[in-house]
Each structure stands twice: as structure tokens, then as C-alpha cells.
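> Sequence:
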Amino acid sequence: MNILTTLRKKMILLAAAFMLLPVATVQANPLEGIPSGNYDLDRTHASVVWKVSHLGFSTYVGRFTNFDADLTLNTEKFSDSAVNVVIQVDSLDTDYPFPEKEDFNKKLSTDWFKSGEHPTITFASTKVSALQDSNQFTIDGELTLMGQTHAVTLNAVLNGATPNHPFMKVPLVGFSASTSIDRTVWGLSNYAPNIGADVVIEIEGEFVKSKD
Numbered sequence: 001m002n003i004l005t006t007l008r009k010k011m012i013l014l015a016a017a018f019m020l021l022p023v024a025t026v027q028a029n030p031l032e033g034i035p036s037g038n039y040d041l042d043r044t045h046a047s048v049v050w051k052v053s054h055l056g057f058s059t060y061v062g063r064f065t066n067f068d069a070d071l072t073l074n075t076e077k078f079s080d081s082a083v084n085v086v087i088q089v090d091s092l093d094t095d096y097p098f099p100e101k102e103d104f105n106k107k108l109s110t111d112w113f114k115s116g117e118h119p120t121i122t123f124a125s126t127k128v129s130a131l132q133d134s135n136q137f138t139i140d141g142e143l144t145l146m147g148q149t150h151a152v153t154l155n156a157v158l159n160g161a162t163p164n165h166p167f168m169k170v171p172l173v174g175f176s177a178s179t180s181i182d183r184t185v186w187g188l189s190n191y192a193p194n195i196g197a198d199v200v201i202e203i204e205g206e207f208v209k210s211k212d
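Position 115 of the sequence shown, counting from 1, maps to 115 under the numbering used here, and the rest follow consecutively.
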């Protein structure tokens, strides 16, 4: 076997090896074509749900029905984005059976959450991470509940975005976010740990571009 034949075989083997290497792909920017700016919450497509263990037998689910949020979106540098949320405590809602449901909801909001003294729950972001794997990110912020403020981190997903809402004809972005907090840290200690101290919070929201 001459030297030329040997070199050819080595080149063929090297080419085959390179073909087997994984090909690096450039992730498309999911916010391409979406303008930066202020975005308003579409309340018809948003929810704030909380979940807590009931004596270890089930997960009790409730929600808040009156809340608002504003989003400052930076599509060129996503980590410069920010979000603020305000929840009205007396909008607490459960699936407690009628006719006692309204009394039960009121008892929770007034006796547990002290809505008379602290009528709102607020969240203000302090740091937003860059998008990971195109659509996942985290939001660090301060949660104020019952007059106490502590840091929390939300795990969030950019579900999608369009420059042209199918009905409103304005830019639209949609997010999901969740976190778990120890409610006793904020002084909300009623019946813990029998009623779980750890509370899972799940948030869904669509935001439309404000008319600046």
C-alpha cells in the first residue's frame, strides 16, 4: 500500500468521523419581531392559583380573582425586563361548598391574610435572567404579604409571542410562572404544619402591548 492510498483512507475516515459529530444549531430568538416597551395584562387570559397540602390527604386548591400586572419588556436584552403584580386579598376564592362558600372565603381573607390591615399582596421583580433554551428563565423579586417582604424566585416560561394578536391586532406575549414558598416566613402560620406550610403558586398571563 503506497503513501497516497494511506492518506486517502485516513481522509475518508476523518470525514466520516466529522459527519457523526452533533451539529450545533443556533436557537431562534422567540421574541424576534416583538417590540420592546410596556405591556398590560390581559385579565381574560390570566390566573393566580395557590396549592397547599390538606393534612397530607389531598392538595387544596384556591385562587385570587382580582389582580393586575404590568410588564416592561426588553426584547433585545431580555434580562432588562421587569414585572410588577398587585393582588387584592379579598378576591380569595375556593371551591368550598355552597351556601357557606362566601363566608369561608371571607374568613380566610380576613382571619388568615388580615385583609383589613393588608388588603394587597404585591410582587416586584428585582432581577430577570436571560432566556435559557429559548424560552425558560427565572424572575427574582420581593413578595410582600401581610406587611412583610421577603425574596422569592419564580421559574418562568415564555410560552409564545406574536407581533399581531389574532383579535386585538397588537403585539402579544404569554408566560407561565411558578414558585413554592413557606407561608410561615410571612407570618401566615394558621394550622401549620397540618395545613401545609409550603404553598405552591402558579401564575398564567398574557400581556398585550400598551398604547404608549
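There's no promise every hint is true.
[As the list claims (entries may be wrong)] What follows is a list of derived Cβ distance ranges for each label pair:
#	residue 1	residue 2	range
1	Asp95	Thr120	18 to 28 Å
2	Pro97	Val157	31 to 41 Å
3	Asp95	Pro35	34 to 44 Å
4	Asp182	Pro35	21 to 31 Å
5	Asn74	Lys107	21 to 31 Å
6	Val49	Gly116	17 to 27 Å
7	Phe104	Ser210	31 to 41 Å
8	Val200	Thr44	32 to 42 Å
Hints were generated in silico from the structure; no laboratory data involved.
C-beta atoms are modelled at their ideal positions from N, C-alpha and C, and glycine is treated no differently.
> Against which earlier hints does the structure fall short, listed by number upward?
As far as the earlier hints go, 4, 5, 8 are violated by this structure, in ascending order.
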